[in-house]
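Trainee: This is what each chain is made of:
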Amino acid sequence: MTAVIETSGLTKRYRRVTALSDCTISVPGGRISALVGPNGAGKTTLLRLLAGLAAPTAGQAVVLGGEPRQDPAYLAEIGFLAQEAPLYRRRTAEDHIGIGAHLNPRWDGESVRARLSRVRIPLDRPAGALSGGQRAQVALALTLAKQPGLLLLDEPLAALDPLARQRFLGALAEAAAVQGEGEAGGGLTVVLSSHLIADIERVCDHLILLAGSRVQLCGDIQTLLEEHRILTGPRKDTTVIARTHAIVREDTTARQTTLLVRLNGPVIDPAWAVDEANLEEIVLGYMSQNDPDYSTDREGTRLSAVGGDR
Amino acid sequence: MTWVTWQQYRSQAVFAAALLAALAVVLLITGLHAAAVWHSALAHCATGHSCASLAGSNLSLGSPIIASLVVATSAVPALPGLLWGAPTVASELETGTNQFAWTQSTTKLRWLAVRAGWLLLAAAVLAGAVSAIVTWWSGPYNALTADAFQVNRFDVTGIVPVGYAIFAMALGICAGTLLRRTLPALGITLAGFAAVRALTALWLRLHYMAPVTAYYKLTAPFTPPGSYLLVRNGFVSPDGKPAALDYAVPNYNGLPLPAACLHAMQHNPNPQTALSCLAAHGYQGSVTYQPASRFWAFQGIETGIFLLLAAALIGIAFWVLRRRDA
Chain A
1 MTAVIETSGL TKRYRRVTAL SDCTISVPGG RISALVGPNG AGKTTLLRLL AGLAAPTAGQ
61 AVVLGGEPRQ DPAYLAEIGF LAQEAPLYRR RTAEDHIGIG AHLNPRWDGE SVRARLSRVR
121 IPLDRPAGAL SGGQRAQVAL ALTLAKQPGL LLLDEPLAAL DPLARQRFLG ALAEAAAVQG
181 EGEAGGGLTV VLSSHLIADI ERVCDHLILL AGSRVQLCGD IQTLLEEHRI LTGPRKDTTV
241 IARTHAIVRE DTTARQTTLL VRLNGPVIDP AWAVDEANLE EIVLGYMSQN DPDYSTDREG
301 TRLSAVGGDR
Chain B
1 MTWVTWQQYR SQAVFAAALL AALAVVLLIT GLHAAAVWHS ALAHCATGHS CASLAGSNLS
61 LGSPIIASLV VATSAVPALP GLLWGAPTVA SELETGTNQF AWTQSTTKLR WLAVRAGWLL
121 LAAAVLAGAV SAIVTWWSGP YNALTADAFQ VNRFDVTGIV PVGYAIFAMA LGICAGTLLR
181 RTLPALGITL AGFAAVRALT ALWLRLHYMA PVTAYYKLTA PFTPPGSYLL VRNGFVSPDG
241 KPAALDYAVP NYNGLPLPAA CLHAMQHNPN PQTALSCLAA HGYQGSVTYQ PASRFWAFQG
301 IETGIFLLLA AALIGIAFWV LRRRDA
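Protein sequences, first through last, are from chains A and B. Residue numbers are given in my numbering: position 17 of the first sequence equals residue 17, and the series is strictly consecutive. Residue numbers are given in my numbering: position 264 of the second sequence equals residue 264, and the series is strictly consecutive.
Bear in mind the hints are in silico, worked out from the structure with no lab data behind them. Predicted model only: the values in this text are computed from it and were never measured. Any given hint could be a false lead.
To be verified - Sample of chain A residues lacking proximity to chain B, with all beta carbon distances greater than 10 Å (derived):
1. E6
2. R15
3. G66
4. R120
5. I197
6. D237
Unchecked claim - Pair by pair, the computed Cβ-Cβ distance ranges are:
7. Y14/A with I29/B: 36 to 46 Å
8. R113/A with W6/B: 14 to 24 Å
9. G117/B with D161/A: 37 to 47 Å
10. S11/B with E226/A: 57 to 67 Å
11. A58/A with A17/B: 50 to 60 Å
12. A17/B with A198/A: 53 to 63 Å
13. G117/B with A55/A: 50 to 60 Å
14. T24/A with G117/B: 39 to 49 Å
15. A312/B with A198/A: 50 to 60 Å
Stated by the list, open to error - Covered stretches of chain B (in silico footprint by chain A; criterion: 3 or more residues with CB under 8 Å from a CB of chain A, positions within the stretch not fixed):
16. 3-14
17. 100-109
Even glycine gets a Cβ: it sits at the ideal position worked out from N, Cα and C.
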């Protein structure tokens, strides 16, 4: 399937701060992509650029075949859920369903009612009187009611308890599956930002990792897992390894060296024990590359940093 | 979008309508009373041929509290702009709901266009309704005291309140869009509205048209007919030089007044003595004013000024919203 999101050199600067620099990513259609990275890495900025809520300082994005923009036809294809799921505090879920019905050419209000009654969220209570998790549920249901081709969700899991998270992700996977079965080529693509790697692993099959306003990783999760390995061995020089493979992270204690490497062929040196890396280890490995505090956190730990500029 | 706007302002609209109705009832009752008093006074004075002195008599048309309430309606045009205009964009940005509103299939510019359109109309209708009632209510008062052109009357009657209200609404929307926060936007709207209103009412309005100047003998004081707008009183020296001067204030610095008259002015509390002295030395009185007949022309000019300002502010709001990230 062709890419639904394709950006090249996407950059966003606010007065002095560079929120996103030189972001080049590609997300194939029909995927559920996890957008991860430390706070302030530029996740929200990227999502807002893709949703057409902000304009890039440089670079460009092609989303669903066009540039993200304030245009009814484009907006109709985008389901955007902002951080903290903003809703009108004094308005009920039913009011929001009405608003959506009047502002969208395609709108499935019934699906919102069904979804909310399943999780027992009252339709007639003002959003301000709902719990944070309930509000997030309402906001997600409203986002899905647009029946968009692309869902952009900014930390939709943050406000949810574990059970609600499970339901939320279940609903998401279900929506993706249902829409994927729909009209030819009408599959749902999702980009969701989150800090919860365990949850991401359950539903996502694509990963975008931002750190220090730059893209560190972008690709199929299965492929990323296959490409990365944890090497453990006695404390020794790593230049030989570095000649063939890319060392993402190096942890050195008095006796032992642990490496996260991106493989470029088999590891030949038998001194290294080679283990598969899980998603969390990969994500943390890349995130720590850009964390200036990391090297001082633990004594005896050295950071093999190719760190990105802030 | 219209439906959405109505849904969000429904309760405020009902509240405003209720307040308007209450004001209408109060002014209807007191207005009918004032009209009755005025007509019976007219009938009474006609029999005694004393209607000319009616203005000088201390005829009371009603409670001064209600009269103050009517003067206070000069605040009405500011209210929709403050309460609905300033928060319209700012509160969305503050709560982040703009991210919900502007990612439905409606662009932010269309969102603002429909919303601003209805709000401007609502402000105009509200101010127009209050002004219509107040204009009717003021009839007997204007007839008695000929004050239609005075600041407290001109500003609450006719069509100017509609212009003020549209301006205040545009200012509120623009300030809210620029500042992105409701409270500062409220402050700027209030301060801006008060400043522009004061500037026009107290200074600019005097200059909409070239004023008329009348000269008169100081021994026979002259007052322009009807409800004129005073620009200034003064004297004219024998050689024809105008000497702007308020002769109620004993400050004649720099004026080429005869020494004898200055002495009389400073030491004789009776202004008549000084005036006689000035007249004897060939001085004339002058009054510069805008005639009563220009009332509606001035109403039109002032309304036009406020509408132009409003258009510029709305333009700025759209420009800012278009250029800036949501």
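Trainee: Please go over all the hints and tell whether each is borne out by the structure.
Mentor: Checked hints:
1. E6: The claim stands: E6/A keeps its Cβ more than 10 Å from every Cβ of chain B (closest is about 20 Å).
2. R15: holds, 12 Å
3. G66: holds, 14 Å
4. R120: Per Cβ check, R120/A is outside 10 Å of chain B; nearest 23 Å; holds.
5. I197: The claim stands: I197/A keeps its Cβ more than 10 Å from every Cβ of chain B (closest is about 26 Å).
6. D237: Non-interface label on D237/A holds, nearest chain B Cβ at 49 Å vs cutoff 10 Å.
7. Y14/A with I29/B: 36 to 46 Å: At 59 Å between Cβs, range violated.
8. R113/A with W6/B: 14 to 24 Å: Since the Cβ atoms of R113/A and W6/B sit about 22 Å apart, the hinted range of 14 to 24 Å holds.
9. G117/B with D161/A: 37 to 47 Å: Check passed, 43 Å falls within 37 to 47 Å.
10. S11/B with E226/A: 57 to 67 Å: About 59 Å separates the Cβ atoms of S11/B and E226/A, which means 57 to 67 Å holds.
11. A58/A with A17/B: 50 to 60 Å: The hint (50 to 60 Å, Cβ to Cβ) holds, given that A58/A and A17/B are roughly 51 Å apart.
12. A17/B with A198/A: 53 to 63 Å: holds, 55 Å
13. G117/B with A55/A: 50 to 60 Å: At roughly 26 Å between Cβ atoms, A55/A and G117/B fall outside 50 to 60 Å, so the hint is violated.
14. T24/A with G117/B: 39 to 49 Å: holds, 42 Å
15. A312/B with A198/A: 50 to 60 Å: holds, 56 Å
16. 3-14: holds (count 4)
17. 100-109: holds (count 10)
Hints 7 and 13 from the list above are not met by this structure, while the remaining hints are.
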